[in-house]
Every structure is written in structure tokens, then in C-alpha cells.
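Asks: Spelled out from the first residue to the last, the chains are:
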Amino acid sequence: MSTLYRDTGVVLRVQKLGEADRIVTLLTRRCGKIRAVAKGVRRTRSRWGARLEPFNHVDVQCYTGRSLDVITQCQTLDAFGSGVVSDYARYTAGCAILETADRLVSEEGHGDSLRVYLLLVGAVRALAGRERDASLILDAFLLRAMSHAGWAPSITECAKCAAPGPHRAFSVQGGGAVCDVCRPPGSVLPGPETFALLDALLHGDWPVADAADAPTRRDTSGLVAAHLQWHMERQLRSLPLVERVSRP
Amino acid sequence: MFEGPVQDLIDELGRLPGVGPKSAQRIAFHLLAADAADVTRLQEVLQKVKEGVQFCEVCGNVSERERCRYCADARRDPTIVCVVEEPRDVLAVERTREFKGRYHVLGGALDPLGGIGPDALRIRELLARLGGTGPASDEGDIGEVIIATDPNTEGEATATYLVRLLKDFPGLSVTRLASGLPMGGDLEFADEMTLGRALAGRRALS
Numbered sequence: 001m002s003t004l005y006r007d008t009g010v011v012l013r014v015q016k017l018g019e020a021d022r023i024v025t026l027l028t029r030r031c032g033k034i035r036a037v038a039k040g041v042r043r044t045r046s047r048w049g050a051r052l053e054p055f056n057h058v059d060v061q062c063y064t065g066r067s068l069d070v071i072t073q074c075q076t077l078d079a080f081g082s083g084v085v086s087d088y089a090r091y092t093a094g095c096a097i098l099e100t101a102d103r104l105v106s107e108e109g110h111g112d113s114l115r116v117y118l119l120l121v122g123a124v125r126a127l128a129g130r131e132r133d134a135s136l137i138l139d140a141f142l143l144r145a146m147s148h149a150g151w152a153p154s155i156t157e158c159a160k161c162a163a164p165g166p167h168r169a170f171s172v173q174g175g176g177a178v179c180d181v182c183r184p185p186g187s188v189l190p191g192p193e194t195f196a197l198l199d200a201l202l203h204g205d206w207p208v209a210d211a212a213d214a215p216t217r218r219d220t221s222g223l224v225a226a227h228l229q230w231h232m233e234r235q236l237r238s239l240p241l242v243e244r245v246s247r248p
Numbered sequence: 001m002f003e004g005p006v007q008d009l010i011d012e013l014g015r016l017p018g019v020g021p022k023s024a025q026r027i028a029f030h031l032l033a034a035d036a037a038d039v040t041r042l043q044e045v046l047q048k049v050k051e052g053v054q055f056c057e058v059c060g061n062v063s064e065r066e067r068c069r070y071c072a073d074a075r076r077d078p079t080i081v082c083v084v085e086e087p088r089d090v091l092a093v094e095r096t097r098e099f100k101g102r103y104h105v106l107g108g109a110l111d112p113l114g115g116i117g118p119d120a121l122r123i124r125e126l127l128a129r130l131g132g133t134g135p136a137s138d139e140g141d142i143g144e145v146i147i148a149t150d151p152n153t154e155g156e157a158t159a160t161y162l163v164r165l166l167k168d169f170p171g172l173s174v175t176r177l178a179s180g181l182p183m184g185g186d187l188e189f190a191d192e193m194t195l196g197r198a199l200a201g202r203r204a205l206s
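Protein chains in written order, with the UniProt record's numbering: chain A, 1 to 248; chain B, 1 to 206.
It should be emphasised that the hints constitute simulated quantities derived from the structure, not laboratory data. Here the structure is a predicted model, which means the values were calculated and not measured. It cannot be assumed that every hint is accurate.
So the derived list for chain B, only partly shown, Cβ under 7 Å to chain A, looks like this [what the hints assert, rightly or not]:
id : residue
1  : Asn152
2  : Thr160
3  : Tyr161
Just so you know, even glycine gets a beta-carbon here, dropped at the ideal spot from N, CA and C.
Just need the whole structure built from these sequences, with the hints factored in.
Replies: This is the structure we're talking about:
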């Protein structure tokens, strides 16, 4: 028996289905990640085609189908899409945020996705509002989403022996900062500013993050991307296409 | 499951876009019952489309020759270029009978979620065309580029990217297709984003 339900969510991605339909993937507040069919939205006379676009924050009503749910109504809460796509660097950063959220939350895992949903809404809102550098917003989202998944890099203490820092080396495979004793081969030696920026992004210390210079932001982005992809055990397709334009 | 070639045909047809297992089965049995001459004609057309169709060296549209009929037509205005995502968009613009310029087919839209970046599209060829180094460089300078990508997230992002690249070309006017309310629709049913775009792009009547 099909049941009707209503929820708010962010559109993560859309895929074409048949002649004029789309499969819409949403990360919702209560139901977690859902995939639902939006019928006829690719027609130019569709009343909801514009609402069910990536980045948009929407209020949807769906009924559960046999394999996929079907969207029956949709209202826009925040049209973040138009603000994000008007700047290419923000668009690429936003795509990496959506893909990460899509990969981190499974369709079965309803209960534990609320924090990722709140992080996602905050990150997309900041991107669309042009509050700060898109690269910083992306890295902050990736670090916090990884923290939620239990993969946050250790920054202030050794990831292997928990010796208090500050430490000089960072090991992606090791899980973050490592002391000189535990340091495995292949560790990198980022500057103390990079560790400070990682810590600021993880804990939302924006005055420190905004003050970081371009080389530090670049190094931090590299470490965050490497750490994320190592722990997800797969490449994110959008991450190599992110346009990093640091404006210190 | 059917045996041998019949099941193979159903499997192959089922791989086509928009063809589900039931449709594939129906088409396969239609072909099985059809005249041998009809099936041979279909087979020849399929072979011809794969071997005989190429992409126009100027605009990237599908063509039987080196240049498509729009690029080879001397009556069309070479100073206006309409940039579209796919060859089927060329037909959509042609159906309006309003546009008499040339085309440039990008081959898709920027979609980082699908792994499609600027290098995967024919943007470099567009820049060469505008810079006067493309295959049709003898036809004069291009004065206007109309960006006619789809009015969705990927299409808008592609337009944003192109505008950023093209703004440095001296004397080049870059325009975007207007977007707003469809003909024959009621205002009360318009979604807020479309109506917002229509208001932003309103035109003076007097």
C-alpha cells in the first residue's frame, strides 16, 4: 500500500528518466536520502521543473512507490541554485558538496543523516549568499561531514599514539597529524598555518579561516581532498573539477 | 528467457535509452514477424548512420559531409553564432524560423557531478572560431554569440563559464536566450523562479 509523506530537503542530483521525467535525489530532514520520480518536469510547461534543480531547498510531498517514490507536490523554501550557478567557482565547489553528501548518506540510513542535512543546508546557503570564499566553505563542509562519519583528521594530537601536539607531520593513511615517533613513510610536512586552518575549518572559527593566505588555503584543500578520498575509498568525480580561486 | 539470437536481440534493444524489458521484447517480436526486406533496410540504415555520419568540422553538428548544411549555406549570417548543447537543440532553434545565423554545438553542458568539465566540451573550438583560427576563419569576424544552453542548473553554469571566457573578446556581443513564461500558460500556475526570471527580463512596450 502506498503512503503519502511530506518532508523538506535539498536536491542533490537529477537524472533523466524516459521522455520527460526525472529521478530526483534529495537529502531530507526526516527521511534521510530519498530517490523519487518527478513526472513531466523536463517539459518547458512544467510547473515544478525549476524547483527540482540541484542546490534548491524544497518542501516536497511524495508517495511511496514499489521501487521509487513519486513526487506529487513541491514548494521552494530557498532557491539556492540561482545564487550558486552565477559563479563558476561556487558552482564547482557546490557540486563537490552535493556529491560528498550523496556518498556519505545511504538510502537506508535514515536516523543519522540529520547532521549532514543541516551541514548541507548551511554550506549551500553560505555558497549562494557569497559570504566567503567558496573553497573555504567546501573544505569546512568536507571536514565536518567527515567528522560526522567518524573520519575527522586528528589535528592537535597524534592520530596513532594520541601524544599531544603540535606535530609537524600529516599522514593521510594514518588519520591526520602524527608525531615524529609514529610518523609513517609518505607523510607530508605542512606548515603550522595549515594545521591552524584545518582546526579553524573543523570548528567553525571563521575569523582565523578568512585570514589564511592563498598558499595555506591551497595546502589545506589538498590535504582535505586526499583525506576524504582515502577514507571514502573512491574518487569523487566533481572534486578534480573544483575551481580553486582563493581571495585572501 | 528466450533462446539464442532472440534473447540477444531483446538484451541489445533493452540497452537503448527509454526502452524497458517489455518494450524490448515487443520490438524484438515485431522484427521477427516483419518482412525480410524491412529488416534489411533497418540494418542498412543503422550501418550507414554509424559509418556515414560525422561531425561538422566547424560547428560540431552531425553531418554527412565535412561541413553541415548550416555551415555550408552561404546565405546564413556568419557573424552571429548560436551556442547550443546538443545537435537536437539545433533543430529546436531551426523550428522557430527566426534564426538565420550559424551554430556551435558544445556536445553537452558542464556537469561536475557527472565528471564533465570544460575540457570535455567543444569550448576550445569555439574560442578558436572566435579568435579567427578555426576552419571557417575566412568568413569574417563573429560579432555576436547567443548562448542557448538549457535553462537548468548545468546549462546556466555553462553560460556563466562561457560569459567569463568571452567577455575579453573585443567587439563581441554575448547574449543569452530570454527565459520566462511559456505561451499559452496561466500566470497563476507559474513557479516563482520562472516568474522571477520573466520579471527580471521584462521588456518595454512603449
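Asks: Take the hints in turn and mark each one as holding or not.
Replies: Status of the hints after comparison with the structure:
| no. | hint | result |
| --- | --- | --- |
| 1 | Asn152 | holds, 6 Å |
| 2 | Thr160 | holds, 5 Å |
| 3 | Tyr161 | holds, 5 Å |
Taken one by one, the earlier hints all hold for this structure without exception.
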